[in-house]
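Participant: The residues making up each chain are set out below.
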Amino acid sequence: MKLINHLVLRISLVFTIVIAFWSAIYFFLQMKEIHDGNDEGLINLKQEFIAKANSISGFVENLENYNPLNIIIKEIPRAEAESMVENLATTSVYFATELEKEEVRMLATAFRCEQNGKYYHLQFFTSTVESDDLIKNMLYLLTGLWITISFTAFIAGKLIITKANKPFYKLLDELKKFRLDNRQMIDFGETNIKEYRQLNESVKKLLEKNIRIFTEQKIFIENTSHELQTPLAIVIAKLEMLLEKYQDNEYHTEEIGRILTILGRMKRLNTNLLLLSKIRNDQFPQTSPVNLREVSEAVLDEFEDLIAYKEITLEKQGTAAPVCRMNEDLAHILFTNLIKNAIAHNRQNGKIIIRYASGSIAIANSGNEAANPVFDRYQHDASNEKSSGLGLSIAQSITGLYQMEMTYHYEQMHVFTLKLPHALN
Amino acid sequence: MKILIVEDEYQLLKTIEDFLLSEKYLVEKATDYYSAMEKTMIYDYDCILLDISLPGGSGLKILEKMKNEGKAGNIIIISAKNSLEDKILGLDLGADDYLTKPFHLSELHARIKAVLRRKQMDGKPVLLQGNLSVDFLQRQAFVENKLLKLNRKEFDMLTFFVINKNRLITKEVLAEHVWGDNIDLADNFDFVYSQVKNLRKKLKDSASGVMIENIYGIGYKMTV
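Here the protein sequences come in this chain order: A and B. Using numbering that gives the first Met the number 0, the first residue of the first sequence is number 0, and each one after it goes up by one. Using numbering that gives the first Met the number 0, the first residue of the second sequence is number 0, and each one after it goes up by one.
These aren't lab readings, by the way, just hints derived from the structure by calculation. From the three backbone atoms N, C-alpha and C, an ideal C-beta is built for every residue, glycine too. Among the hints, a few may not be true.
Stated by the list, open to error - Subject to a maximum C-alpha distance of 25 angstroms in a straight line, what follows is the list of computed SDA-like cross-link-like pairs (lysine to any residue):
#, chain 1, residue 1, chain 2, residue 2
1, A, Lys237, B, Thr99
2, B, Lys86, A, His331
3, A, Lys277, B, Lys164
4, B, Lys152, A, Thr108
5, A, Lys277, B, Leu90
6, B, Lys70, B, Met40
7, B, Lys164, A, Glu243
As the list claims (entries may be wrong) - Computed spacing ranges between beta-carbons, pair by pair:
#, chain 1, residue 1, chain 2, residue 2, range
8, B, Lys145, A, Pro284, 36 to 46 angstroms
9, B, Leu90, A, Lys193, 24 to 34 angstroms
10, B, Leu146, A, Gln216, 49 to 59 angstroms
11, A, Ala320, B, Leu90, 49 to 59 angstroms
12, B, Asp189, A, Lys244, 25 to 35 angstroms
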């Protein structure tokens, strides 16, 4: 979940709970206030009624005859009157005019009229707010209020948080794009928020340090490999001279031959290391549209003898000739490594299938049955003395340089797929 | 044939010198920028092996000066830098070839021969070896004037052997020369063996006097 949605949802949830709770309290307080007002009115009415009944003769009898709507008077025996307790209650009364029962507030009491000494049972009514309606209305209003507030909170929250977090999201975006081998410092942008400024500064320091170490390491590897070339040249040349000299001696010749073989491996390893660091140091800047099919076929031509010798069946599928903007030499190196890999790890009488599509090239090989079934090509096969294990690293560095994607999967054959994002057709 | 070696690394210089002397060349040496500049300006050489990074200055400067003086040609750059720009720049400045360290002496020899051959365009670009003759221009080989049918790689193998006759060529050196640096595969020993076998058979069938000897399983040597 996105941070902003996380925050806004939580804020909205708190709002909901607070408003719901507050609405309940508000509702009950409001109802109580209304009832208190009504009750006070009823008590006043009662007191006025009793005062008038006591002072005006015939008042009760008249009222008994006319029976006004909001007062019900009924003569009762003294005993009943004395046992009566004044009470206030909410009840409903049928109103013929409205054809329904309405909720009313009723004060029931008893009194003794001083004019005639009779005891009466009195009921005063006042129509009150109907709690159903009130609840309904309040619910509507509160829901409306709740929606408005939540919506506002959501929108405002999102806007405010997004705006306030802009430096943060920018940093995040830049970090996602950041690649150490590009050695390009990211663009931090300006911010007034102290924490974000500190965050940017910390990240900047961290990246600077990493870039520096990476660069130093790259240069170190390049320099070391470079410096190794001359001593290697001397040793190889000297041994070749020795080989000439000791040709009559089988033992010496064989031993020197073996040393030369090992030196050859060392030489290739060193050359590959140099190449790898050059690729990563971006020393192949010139690019041009390269027809990858042509490159691939040219490389296949170079390996023609070896393919024939291993009796490998070569199958080409697809007619596409994807063109990619890249360095031509690197394209050649890339395909050399991929095809070399497909031949080296193939068996006698094996098969290589190359599938050309407009956006991808797949190179599949039947593999070596003798090889470990848990077959990770990205690792150096220790049993293979001649392979430096750097071939695929070189291929990966090249694909990384041009945002190509190289994937490996097993599907009866070992398949390396090259996805070309910048295929120009 | 007079060859100048410009190389600051004494041990390498010495080894190349020994090798070239054994091939009956006349050898001159320069170990820094100034002496190399001086020698190239005063004398003429049939071939110059030029290192680029020299004490006192860059070998490319020497090339430039030579080009300006109209003394260009017959230069093989030998550099530890396998840099494309240097290579292009060097070739633009009139170098004939670019060899990256480390290299094999027999490979160096083949390159020197090629440069010398180009220089002697006026003469016949044909190398004789017993009853075998090799025409580099036409890329054809003959035994007693009869054409020997060879494919591209077999021709490359044959010329490499002919240039380095009586010299032990290891299988790796041969493979690298003929199929390039990329042929560093685990089973290239057998591969090279089968390729040499074909060439040997063709030579034998055409009754050529040259032989490709197998030396203790590590390499081959051409003898007459």
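Participant: I'd like to know which numbered hints this structure contradicts. Please list them from smallest to largest.
Facilitator: Result: hints 3, 4, 8, 9, 11 break, sorted rising.
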